[in-house]
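Heads up: the sequence shown begins at 1 in full-length UniProt numbering, then just goes up one per residue.
Careful, some of the hints might be misleading.
Claimed, not checked - Think about it this way: if two alpha-carbon atoms lie no more than 27 Å apart in a straight line, the pair counts; the simulated BS3-like pairs of lysine-lysine are: (1) K103 x K37; (2) K60 x K37; (3) K45 x K60; (4) K103 x K45; (5) K133 x K103; (6) K133 x K160.
Stated by the list, open to error - Derived Cβ-Cβ restraints for the label pairs, each shown as a range: (7) S128 x M106: 16 to 26 Å; (8) Y157 x K103: 52 to 62 Å; (9) S156 x T81: 16 to 26 Å; (10) P136 x P35: 57 to 67 Å.
Hint data in this document are derived by calculation from the structure and do not stem from the laboratory.
We treat Cβ as the ideally placed atom computed from N, Cα and C, and that holds for glycine.
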Amino acid sequence: MEYAKSLVPVSVMRSVSSVGMSLTRKILPARQPRPFKVCTHNCSKRRAVMATSLDELLEKAANSLLLVCQFLTLVLEEDGTLVDTEAFFQSLPANSRLMVLEKGQMWTQSQANPSFRRPKRSGIAYLSFDLYKLDPRDFIGCLTIRATLYEIYTLSYDIKCMRAKHILK
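Using the sequences and the hints given, assemble the complete structure.
See below:
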């Protein structure tokens, strides 16, 4: 044994032992909560929930959707795949759409509820003109132009032609 120790330098033995000590003391970081979108069987209620585990997601989904049943099942909303293991849950991407089924309910292909769809846009812009007088002595009055683009943006502009009769004299 003495002969083997004399062949290996002391510096090599110390560095190997210190590397071994640092590797055994690493701790994995805690999992961060991820967002999921959950809905009821008929898609009448939708909520966004943050969870780190399958059990936590089921608990938060039941609370946010006001479900009282003790036997809840999670499935993917798009194809009805059962989410029943923690490993499969951890493999889901963030913002996955899930459906919560109560006891006795089955997943069915559902049409999107019209209340959750965006309304179809029938035009690009709407224009409205309002002509009014602030004073009965005004000749032209005021003109308000409002434009709504894509049913999202609204622009308005007021043109005030007050006392135009006085300026023309």
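Outcome of the hint check:
1. Taken as a hint, the K103 and K37 pair is honoured in the structure, with Cα atoms around 20 Å apart against an allowance of 27 Å.
2. Between K60 and K37 the alpha-carbon distance is near 11 Å, which keeps this suggested pair within the 27 Å criterion.
3. Distance check on the hinted pair: K45 and K60 sit about 14 Å apart at the alpha-carbon level, within 27 Å; holds.
4. Taken as a hint, the K103 and K45 pair is honoured in the structure, with Cα atoms around 18 Å apart against an allowance of 27 Å.
5. For the hint linking K133 to K103, the alpha-carbon distance of about 66 Å lies beyond 27 Å, and the restraint is violated.
6. Restraint check for K133 and K160: the C-alpha separation of about 9 Å stays at or below 27 Å, so the hint holds.
7. At roughly 50 Å, the beta carbons of S128 and M106 sit outside the given window of 16 to 26 Å.
8. The hinted window of 52 to 62 Å between Y157 and K103 holds, with their beta carbons roughly 60 Å apart.
9. Between S156 and T81 the C-beta distance comes to about 50 Å, which lies outside the given range of 16 to 26 Å.
10. Distance hint check for P136 and P35: the Cβ-Cβ separation is about 60 Å, which falls inside the suggested range of 57 to 67 Å.
Hints 5, 7 and 9 from the list above are not met by this structure, while the remaining hints are.
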